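Model the full structure from these sequences, guided by the hints.
Position one of the sequence shown corresponds to residue 1 (full-length UniProt numbering), numbered consecutively onward.
Everything labelled a hint here was simulated from the structure, so no lab data went into it. In this text, all values refer to a predicted model and were calculated from it rather than measured experimentally. Where is the CB? At the ideal position from N, CA and C, for every residue including glycine. Treat each hint with caution, since some may be false.
[As the list claims (entries may be wrong)] Simulated DEER-style distance windows between Cβ atoms: (1) Arg-262 <-> Gly-184: 39 to 49 Å; (2) Gly-46 <-> Ala-148: 25 to 35 Å; (3) Arg-82 <-> Phe-129: 14 to 24 Å; (4) Ser-137 <-> Ala-47: 33 to 43 Å; (5) Ser-137 <-> Arg-82: 42 to 52 Å.
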Amino acid sequence: MRAGRGEAGRVVEVDVLRAVALLGICMVNAVDLLGTPVAAGEHRSGAAYWAYETLLHQRFFPIFSFLFGVSFGLFLRVAETRVRRPRVVMLARLGFLVPFGALHRLLYPDEVLLTYAVVGIAVLLPASFAPTAVVFSLGVLGVAAGVAVHGGVALIPGIFLLGLAAERYGVRRLLDAATGLGLGACVLAALVLDVWQVGAGAPAASVLAAGAGVATAAAYMFGVVVLLRTDARRFLAGLAPVGRMALSGYVGATVMILGVGRLVEPGDGPAVVIGAGVFAVEAVLAWVWSRYARYGPLEWVWRSLTWWRPVPMRRGRPDAPGEPDASGGGAQVPRTVLDRRRPSRK
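As structure tokens, then:
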């Protein structure tokens, strides 16, 4: 089954991948926000701890970061067809992400939106002038450097660049190339590194854990894309609406988790369950919301700020004149943009 498009030319795979990343992030953030021992690393032993470290912790934010780089490229590419100075629009878009991140950081000091905005301005905008081969090479070096300094936010610049390079090479082309062989290679690398991490008792802030996290994130990505080529697509495609509203979901999850935390006293396991439950609620709300609205609430605010005017919110209304048809998630683009490379960036 070939990669599919949803409504208005969206790449369903990108939306589903973003939803899967949000699910993992909700579970990890719940453990962190609710202050459980696993998050604090007080008990580096036992099956529960190592399951958390090898399956969840630092395993989903690389996917989120990669897709941010992809979204940057998609939005910029469509903006180039609609406005005279597309990078000025992109600068405004990233700049308006700063207050979102700053306000969110008041609730969750370890949030990433503010970092995404700053790194996007400092790294992605300059890189948008470079040839694709240079962007890809810098991305590989950046990820290697991030792993060398124990991962975390240090991985973001390199992963952003790999996402931008992937968009340049062609989202659909790369999705079509996501075969079982690629999945097998990533799963093997993830298994070896995760087992090594457990055997060595490596903490989260270590070279080994950072490398295992990147490998496991890649395995998750390949796994989801391969599943989307099976009958599981019918179920997974249902996650697309919450993936399209990832900004609202990411911020909203923090509010919901903190609210639940005032009502219960979770242990390690319940915190993960709370995070998964919050995601499930958001998935249902996103499905209902998407029946009537084109964008999530925060996506609509961000988009309107980017273009300095309110954009149509109700489903069925056309875009405003001169407004690129690229969503807040960055995956809604014309078919011709998705199916071919960008000739000016070879």
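C-beta pair Ser-137, Arg-82: status relative to the range 42 to 52 Å that was hinted: 30 Å, violated
Distance restraint hint 39 to 49 Å, applied to the beta-carbon atoms of Arg-262 and Gly-184: Given a distance of about 45 Å, which is inside 39 to 49 Å, the answer is holds.
Beta-carbon spacing of Arg-82 to Phe-129 - inside the hinted bounds 14 to 24 Å or not: 19 Å, holds
Gly-46 paired with Ala-148, Cβ distance criterion 25 to 35 Å: Holds - the Cβ-Cβ distance for Gly-46 and Ala-148, about 29 Å, lies within 25 to 35 Å.
Supplied distance hint 33 to 43 Å, evaluated on CB atoms of Ser-137 and Ala-47: Given range 33 to 43 Å: holds, Cβ gap about 40 Å.
Checked against the numbered hints above, the structure breaks only hint 5 and satisfies the rest.
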